[in-house]
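**Q** Top to bottom, those sequences are chains G and B.
The first sequence begins at 0 in numbering that gives the first Met the number 0 and counts up by one.
The second sequence begins at 0 in numbering that gives the first Met the number 0 and counts up by one.
Keep in mind that the hints were calculated from the coordinates and are not lab data.
Treat the numbers as computed from the prediction; the structure is a model and nothing was measured.
Be a bit skeptical, because a hint or two may be false.
[As the list claims (entries may be wrong)] These stretches of chain B come out as covered by chain G in the derived footprint (C-beta under 8 angstroms, 3 or more residues):
#1 77-90
#2 161-173
#3 198-207
#4 300-313
Where a beta carbon is used, it is the ideal one built from N, C-alpha and C, also for glycine.
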Amino acid sequence: MMENIGLGLSLFFTLQNFVAIGIGVMIGVVIGSIPGLTATMAVALALPFTFSLPPVTGILLLVGIYKGGIFGGSISAILIRAPGTPAAACTTLDGYPMARRGEAGKALQMALYASCIADVISNLALIFLAGTIASFALEFGPPEYFWLIAFSLTIVISISGSSLTKGIISGLLGVLLSTVGLDLVYGTQRLTFDNFNLMGGISYIPLLIGLFAIPEVVEFYVQRASPLNVSSSDKSRVSWAEFKRCLPTIVRGSFIGVALGSVPGIGATAASFLSYGEARRNSKTPETFGRGEIKGVAAAESGNNGVAGATLIPLLALGIPGDVVTAVILGAFMLQGLTPGPLMFQDNIDLIYALFCGMIVASIFLFGSGLFAIRYFARITDVPRHILIPLVLMFCVFGSYAVQNQMFDVLIMLCFGILGFLMARIGMSTPPLLIGFILGPLFEDNLRRSYLIANDASVFVRSPICWFFIAATALSLFIGLRKEFQSARAARERAAAA
Amino acid sequence: MKTFGRLLAAATVFATGLGLASQASAQADDYPTKRVTIIVPYSAGGATDVLARQVAQGLTEKWGETVTVENRPGAGATLGTAQAARARPDGYTLFMGQVSSHGIAPAVYANLQYKAKEDFEPIVWITEIPNVMVVPEASKATTVQEFMDQAKGKNVSFGSSGTGSSIHLSGEMFKARTGLDMTHVPYRGSGEAVPALVSGNIDVMFDNLPSAMPQIKAGTIRALAVTSAERDPSLPDVPTLGESGIAELEGFEAKSWFGLLAPAGTDAAIIEKVNASVNEVISGETFQSYAMNNGATVVGGSPEKFEEFIDAELDKWAKVVADAGVRVE
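Chain B with its partners taken away, still in its complex shape (with noise of 0.2 angstroms):
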């Protein structure tokens, strides 16, 4: 009687885990069967929002489901990245990852409200975007290696959009590396940062890419470097800081990347579907020429090599971080 219990309730436990199993499966085949939220930790507008709606786009067309973002804007990224941890692991809400919430925040936070790694699954790495070293046009240095000489033994301020954003910690990892004396002045984005280099007010800025381009195109700021580990196809003149020829600065890498992630405990088959279906998006014309105009490399890739990537970012940012002294507690 014990073993025929015992057989009963293995039997229910498989069934149900069959059950569930189809279910899944039924769930996985027939997504999305309902609207789909992109959250974006950042406001309309922004670089990240607009590549959202670009995927959200490709996606509604491909799905023939509605797919919207939704921005949840604040505190450098963490408010809307913690939230969407907390949402529902369904696959009907997906989060727009990007080098804050998963590289710098959580080396920078101490109490973050949310875990970079056990509370996400990668879906797909979508794009990276190098910075790039300027100064403003009646800076005296045309090379990195110049830019150096004119500045030792003096103090030189280095802007940026904010504490904690990568064009920050892009500067803190050189002033780590050169050992040079400089200061961090913080701006509220880099549409503010950026006229205070054009005019001279700060010194040097390591902007994302795409927001120093018109500047460097209209020949108000100059690009010295690009923080990539190899040259950028806009800027194919422009070396990167490791082909300057300093020896502190070989290997350097910081650069900005969005990929989509989900909620722990979204169906392995459900992630599979929405990378599948992405990694088509992207490699489509409109995403391509979109990310062409914006100075950003298309990536795409399986599950695991987005999440590979993102355990490298996080445990270099937290060395940068350390290093340069930086964590909010």
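Bound-form chain G, shown alone (with noise of 0.2 angstroms):
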């Protein structure tokens, strides 16, 4: 055991391996801070540079570019509520409304610590438990997914804002927007139109920048109004006191991170958003959340870099990828001539040990190149908005078209950023429709998969972790529609009091 750390040791302790992690997270916090540029996109086409490299030393290249850009999409979530990945959407929440009241330097560190910290126990995680969470992991089927996302899905009462309703009726429209595209068992075109674009679904990306930020947009140039009342005078720090409140907060960020991410499928987005489902949840001032609540950036970005270390514990405890960023990363290993899996740990212990430690040198490069990028990004805040808009609605154009390469995804982002604005009108929240979106597709897989396999409605109650979750779903209904009802009473006596 010594010995093999040692010999680790000796792997990882070399310059070339510092230059990469150092490269890989300069370059994932500055991709990922671009709307449309997202860090699997990042780490896929950083893959051809490993094939030169030695293994270790590639592969933590690729580590540090997806790392940095988790945290970096938060950065263009809170300046100009664009999402640079999907994952920070949950960010813009409480990020941008920070930022639009001058605290936009508070809201990045804040996002910056929650990520770090998330990321460090993310790679413990790894280090210590991941043969005991991979063989977890690998107990989930078809009816236990199903009954996973049904409780994730329960989240949706905590985004909904200020009416259920709404928020009910958003997030079931995501769900049908999601069903666009080819049938998953069949094959059948639903919903396209005859549109040949629409057969693979509507995009995602473009539906998530139209939606977010376009109709920051299309507000100012209606309002003519300047409601950014910040300058160079953004001195805002996090305060040891608010450090101290958000820490239980992204530490539970952290976890439910961890256990999103070591199932395969799930993802660093539906982390964020159960994360913040669960702060609010669990705060004594719900009404706070969505308004600029530090907390729920904590909330969201420990959630989304909890996913970041544990997508890799499927990976090498079982080689199997959990998603996009860990198929890449799958690829350099075969590249290298190497295999993750079980045998891994046995043939090549001193290889993953040289891993974990640039895991966690990533995560302090991480924090340092983070502070470095606030202090030049905060100040994006200090350009005129008559300036700024045209920009951010550039960037949503160039961002929505680089994923594919299409302009028919411009399209898309436009239509969305109409519907965002005319939601917004109505009082209608946005992130239900996402999470639908996000979350409507594994749903109806996972439902439809356990159909196949078992041809019975039985097959739903089969094991310990469907009746887990059966019951979770229950409770959390339960909670959250009662707390909905009681604070909806509140107001009402309140407003008859009056």
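With the hints as a guide, bring the two chains together.
**A** Okay, here's the thing in structure tokens:
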């Protein structure tokens, strides 16, 4: 054991490994902060560069980019309400209102702290519990996934905003939109209106950018108002008291991230929303969420970065990639002639330890380059609105186009921009639509797969995991709805009294 | 006067033709004089993408002009393929074709936006990958015969990376030939389907060899047979389906393959030149070791060889799809 750790350390402590991690994290932060250029894309594009590098160096480069990218997404989410990566969508909910209030610096700082702490927790989970967690994750078949998703869908209650009914309508609209494209099982076209471009479904990133960033742009031109009262005087910093207040939220978010990250196929976006929903539900002042609550930023960012280390658990322990990023990293291993999985722990244990070292160093580098990036990026809020807004619009168009190099996606982005604007006007919250859109297909796929493998409804109660999530779903629905009704009644009584 | 006019017309036509021809050969001689793009109808990081980037890198070094990869994913590779079909046939837009775009999709989709044969000129067949019949470690079957015996009279589920993939249709082909009662359970990509197989949620899968390899090596899934005509060098002990001793499976062949194509109307001289260059790149050491690490067999050869192969693939999958009844309207 000690000897292996020693071998791992000697394999890791080379200058080029440090350089690779540093460059990777920095590239990741910058690319992640540009809407439309996702962490996933950056990792895939960097893959060919790893061919000529030693295995540890190449893989650490990719891991660095991934971690940097997940954090980088929060920068534009907070500053211009355009999530740089899908996983940062949830960060806009409270990060952007904070920026508008003149606390962009504080929001970015909290995002960084939450990201780094979650990153470390996620790494530790990977290092010490990979085997245990991985074999547990394999217990998830279609029915277990189905109930996990059902449970996750109950967060719609927490993110519905002022009206639960409108929130649910918004969520259902998201589910409906997610059904566009080819049917999973039969391959038939659904809601494509014979439009060839819709056969692949509605692209996720244009939808995201349109829904979140465009309404702000439209609002600016409609109102001609300049609500951003920030200047270089933005010296807002996270105080120790605020940090202490957010710490439990961050730790909880990290564990949610680890849990969802280690089950293949769920992803960082769902984790950040789930973490956010939990934080709001546990808050004594849930009404402050969505209006610039710093805990909201902490919850969202700890949720998505908690996933970063954990997605490597199924990859390293079982050789199974849990998402696109880890699939690319698996490709990097294979190109080096290495096969992740149980055998790697026998044959290349030194390499595994070297990777673990690298991941911890990556967390530290993330903190450093994050601080550096924040200092400069925060100045974006100094740019006058009449110059910034057209630039944001340009990035929205560019980002939507860049995903698949298609003008059609720009059109999609604009349509969702208009939809988002109209929804804001009638007081309908947009995050439930996003949740419906992400989780809808997982819900449907696993429902149908369950029937395909068993052809019998009893499959839905086949295991303790099913029962656990059935109970969790019921409880979450009950508590969530009761809380909403109570606060609605309180509001009515206040109105009646006044 | 009339004759003179005709002569003049003929001469003009001839001269124009000559001019065009010389221009064309000049084009081919100089080719490429600017950036060349290879369209990949899948997202970055997938098997097709990584292969295309390998080839692009080799061509860039060889030609001194940048060769880039452009990802146009969507609708089971048909979206990017349709776009490549409409690209200008000047040799500066090439396309990474594979078993989906030029084998299965034309048979599966009724309203395809491109014609696999008419819209493309084959350039070179690059690699092929066998599929492999795999069962979970917990399964009692160690041979195809045992699998058949145990599956008789029961319903067996087979997983795939999606409806219309080569993994799905290999399963349909097996089902049609053996007459077993099999239910297709589609996932979104092999990455989701393999865990379901490892944990025994699905009974069998005909996965692409490279994506199944890590699990086969780790012993969490068992390879019963490969779907190629010959055994694969990376799994020398695993028989082919044809060797399994089951009469219905004789001559069973289903594989994934990749090759470069150009939009129809591309100058033959350019096709020749790209063909020669790619053949050199793929016989080089870098590409060979890449292929070996990824379980792929390097093929290469002339455009004609690739064209014949595509014809055969189109015929084969049309028949499989017709037998299985998986056509999509």
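**Q** A separate judgement is required for each hint: does it hold in the structure or not?
**A** Hint by hint, here is what the structure shows:
Note: the stretch 77-90 of chain B has 3 residues with beta-carbon separation from chain G under 8 angstroms; the three-residue rule is met and the coverage holds. A count of 3 residues in the stretch 161-173 of chain B with a Cβ less than 8 angstroms from any Cβ of chain G is obtained; the coverage claim is therefore met, three being the minimum. With a threshold of 8 angstroms between beta carbons, the proposed coverage of the stretch 198-207 of chain B by chain G holds, since 3 of its residues qualify and at least three are required. Residue count for the stretch 300-313 of chain B with a Cβ under 8 angstroms from a Cβ of chain G: 0. That is fewer than the three needed, and the coverage hint is violated.
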